[in-house]
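Participant: Going down the list, the sequences are from chains A and B. Last residue of the first sequence: 330 (my numbering), numbering continuous. Last residue of the second sequence: 90 (my numbering), numbering continuous.
Just so you know, the hints here were simulated from the structure itself, not pulled from any lab data. Everything numeric in this text was worked out from a predicted model, so none of it was measured. Treat each hint with caution, since some may be false.
Now the in silico label distances, taken between C-beta atoms and shown as ranges [claimed, not checked]:
no., chain 1, residue 1, chain 2, residue 2, range
1, A, Ala207, B, Asn87, 54 to 60 Å
2, A, Val110, B, Glu53, 22 to 28 Å
3, B, Val74, A, Gly327, 49 to 55 Å
4, B, Ile65, A, Leu58, 20 to 26 Å
5, A, Ala260, B, Leu78, 45 to 51 Å
Some chain B residues near chain A, calculated using beta-carbon distances under 10 Å [unchecked claim]:
no., residue
6, Glu53
7, Ala56
8, Ile63
9, Ala64
10, Phe72
11, Leu78
12, Thr82
Cβ atoms here follow ideal geometry from the backbone N, Cα and C, with glycine treated the same way.
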Amino acid sequence: MDHSTNSSVHRAEGEAVSTASPRDYFDLMKPRVMTLVVFTAFAGLIAAPTDVDPFLALISIVSLAIGAGAAGALNMAYDADIDATMKRTQKRPVPRGAVSISNAYGMGLVASILSVLMMALAANYLAAGLLAFSIFFYAVIYTMILKRSTPQNIVIGGAAGAFPPMIGWVIATGEISLDAVILFMIIFLWTPPHSWALALYKSGDYAEANVPMMPVAKGAKSTRLQILLYSIVLVVFAGAPVLTGLGGLVYAATSLGGGALFLLLAWRIYNSRAGEAGSAEDGALYAVRAGDKAARDLFAFSIGYLTVLFAALIVEHAFDAYWAVPGVNL
Amino acid sequence: MAPENGSDTTGDNANDETAPERLDSSGAPASENFGFHHREGQPSGESVSLTEEQLAARKKRNIAIAWSLIGFMVVVFLVTVTRLSQNVAS
Chain A
1 MDHSTNSSVH RAEGEAVSTA SPRDYFDLMK PRVMTLVVFT AFAGLIAAPT
51 DVDPFLALIS IVSLAIGAGA AGALNMAYDA DIDATMKRTQ KRPVPRGAVS
101 ISNAYGMGLV ASILSVLMMA LAANYLAAGL LAFSIFFYAV IYTMILKRST
151 PQNIVIGGAA GAFPPMIGWV IATGEISLDA VILFMIIFLW TPPHSWALAL
201 YKSGDYAEAN VPMMPVAKGA KSTRLQILLY SIVLVVFAGA PVLTGLGGLV
251 YAATSLGGGA LFLLLAWRIY NSRAGEAGSA EDGALYAVRA GDKAARDLFA
301 FSIGYLTVLF AALIVEHAFD AYWAVPGVNL
Chain B
1 MAPENGSDTT GDNANDETAP ERLDSSGAPA SENFGFHHRE GQPSGESVSL
51 TEEQLAARKK RNIAIAWSLI GFMVVVFLVT VTRLSQNVAS
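Model the full structure from these sequences, guided by the hints.
Facilitator: Below, the structure written as structure tokens:
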């Protein structure tokens, strides 16, 4: 075997020599999405009525984050053509040419397997099974099947992003309870208004990439109405943890205040002409044309809303700030 | 897809002794490679010289993979020990 430092290497025909850095591979894992995944999973873990070894909990959450990142890498590998078309995603590692599609698949698959194994070792088989299913759901059901075929893509596909708090709960308890399902449903119902608000002010991008997001397939007016309807259902349902005793006064106040603002912004979208101006020239996430500001505002606020909602659960259960809402606990 | 290096014997010139000898991808006469020839997607035998930037990037990736593997091993070890100690205690 030649151990020389000769820099000449044999290459398969047509294969480019990579200059990808570890950072490019990290970016494949959609770090911002991973942050929200970790946060909501942590909330589920903390809110669960069972103590768990802090070290095993930490490793379990890290496994979940890597699993979510792996699903993101598989998504970027499959959607390289779409990402190359859309201004918002053109700078991702695959369309930029930093990482090849096959390497993105390779990394996604390896990270998926390792994360599920780690979860099984550190937590339990149910949590590992849920993690494996959520990766499969996001990478195959959503990315490969739903995304390009139906305007309901993110409604059904939103389930993938709703698993983390449920998995967090299962890490602690080893079982799926009503409260775990409620946490799942909150994110499931949050996803459509959140994603459609973005799709409204980036509809030109989606149309160019032939992705049948709701504003592209059914028009901006229909999307604005559906955002309002889903927002009402979400805000009402977000009160469910109070009824089961999972959320106390802090959560109730947060849910009421945040929900009122959410509805206000959804109402503003409904009464606006958002989505009718096409995408902004600037591909940045929050870049928007004048008529689309209502959509951008709801998109930005929806992230804060979900964060604050789960933060309230963390505060109540981690810092002994739980006071039951009188008369409503079942 | 036709082979690239002269092993095609189905053409009109297959038995034409006056045709110039074809070369394989490395520039050597095809008759010297005993019928073995380059196929698309397989190593071609060609080599390229990596630039300093490519070498540095490869080194960084290798180091990152090495640390990841070491981290994975350490985590598996620690988790196993923690689980074992929990089971023994119970």
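Participant: With reference to the structure, classify each hint as holding or not holding.
Facilitator: Quick rundown of the hints versus the structure:
no., hint, result
1, A:Ala207 / B:Asn87: 54 to 60 Å, "holds, 57 Å"
2, A:Val110 / B:Glu53: 22 to 28 Å, "holds, 26 Å"
3, B:Val74 / A:Gly327: 49 to 55 Å, "holds, 51 Å"
4, B:Ile65 / A:Leu58: 20 to 26 Å, "holds, 23 Å"
5, A:Ala260 / B:Leu78: 45 to 51 Å, "holds, 46 Å"
6, Glu53, "holds, 6 Å"
7, Ala56, "holds, 8 Å"
8, Ile63, "holds, 8 Å"
9, Ala64, "holds, 4 Å"
10, Phe72, "holds, 7 Å"
11, Leu78, "holds, 7 Å"
12, Thr82, "holds, 6 Å"
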